[in-house]
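Here is what each chain is made of, one letter per residue.
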Amino acid sequence: GQNIDQPTEMTATEGAIVQINCTYQTSGFNGLFWYQQHAGEAPTFLSYNVLDGLEEKGRFSSFLSRSKGYSYLLLKELQMKDSASYLCAHYNQGGKLIFGQGTELSVKP
Amino acid sequence: DGGITQSPKYLFRKEGQNVTLSCEQNLNHDAMYWYRQDPGQGLRLIYYSQIVNDFQKGDIAEGYSVSREKKESFPLTVTSAQKNPTAFYLCASQSGGDNEQFFGPGTRLTVL
Chain W
0 GQNIDQPTEM TATEGAIVQI NCTYQTSGFN GLFWYQQHAG EAPTFLSYNV LDGLEEKGRF
60 SSFLSRSKGY SYLLLKELQM KDSASYLCAH YNQGGKLIFG QGTELSVKP
Chain Z
38 DGGITQSPKY LFRKEGQNVT LSCEQNLNHD AMYWYRQDPG QGLRLIYYSQ IVNDFQKGDI
98 AEGYSVSREK KESFPLTVTS AQKNPTAFYL CASQSGGDNE QFFGPGTRLT VL
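Going down the list, the protein sequences come from chains W and Z. Just so you know, we're using this note's numbering here: the first sequence kicks off at 0 and counts up by one. Just so you know, we're using this note's numbering here: the second sequence kicks off at 38 and counts up by one.
It is possible that some hints are incorrect.
With a straight-line cut-off of 27 Å between C-alpha atoms, the simulated DSSO-like cross-links for lysine-lysine are [stated by the list, open to error]:
# : chain 1 : residue 1 : chain 2 : residue 2
1 : W       : 80        : Z       : 46
2 : W       : 95        : Z       : 94
3 : Z       : 120       : Z       : 51
4 : W       : 95        : Z       : 51
Chain W is nowhere near these chain Z residues, computed Cβ spacing over 10 Å in every case [said to hold, decoys possible]:
# : residue
5 : 44
6 : 49
7 : 96
8 : 112
Listed next, with one range per pair, are the computed distances between beta-carbon atoms [to be verified]:
#  : chain 1 : residue 1 : chain 2 : residue 2 : range
9  : Z       : 77        : W       : 93        : 41 to 51 Å
10 : Z       : 51        : W       : 28        : 40 to 50 Å
11 : W       : 95        : Z       : 53        : 40 to 50 Å
No wet-lab data here; the hints were simulated from the structure. Virtual Cβ for every residue (Gly too), placed ideally from N, Cα, C.
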């Protein structure tokens, strides 16, 4: 089967660091994505991990552990504009992109 | 500018009517996808097409139909058979040699 889980919502303070976790189960793995989606808009690509480890891209970093079926997105120096939904997704063995429900992040002053 | 467009942004329809959502891309991508998003939920795959004149059902295809007569276009028809059509519909495209999907701005469909 294919399951992908992430917390429904999180709250953090401007300037702080927040980690959004994602766990998945799949019979075939072909990379894990993180997308950012502001309300009423299209998802925009943040990161893609296919190998274990941490990949850093400015204020955003993404980590993957394939043996644990686990990924996280790390957001540093939070800004108000980072308030959005963060979607975790992975390709299944059939080549379809499977999305988690999204984590709604609220950044407070 | 290359990109993927959807129209209209907001669409209202009466119960029992069919409606077609437009999706166009000029990225020269082979694959195109339609997703549905409900409040507080992730994206669910309706239909996808990996090449012109071919398409496959996704996880929630019932009540929907598509066509792929041109590489650039992948319209989605929401038929009267779809029980709960009110949702945010997202179209995406992908190059054959790439893993990333690019999304259009979405169409919010409301059935009155």
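Hint check:
no., hint, verdict
1, W:80 - Z:46, "23 Å, holds"
2, W:95 - Z:94, "11 Å, holds"
3, Z:120 - Z:51, "13 Å, holds"
4, W:95 - Z:51, "32 Å, violated"
5, 44, "13 Å, holds"
6, 49, "16 Å, holds"
7, 96, "8 Å, violated"
8, 112, "18 Å, holds"
9, Z:77 - W:93: 41 to 51 Å, "26 Å, violated"
10, Z:51 - W:28: 40 to 50 Å, "44 Å, holds"
11, W:95 - Z:53: 40 to 50 Å, "31 Å, violated"
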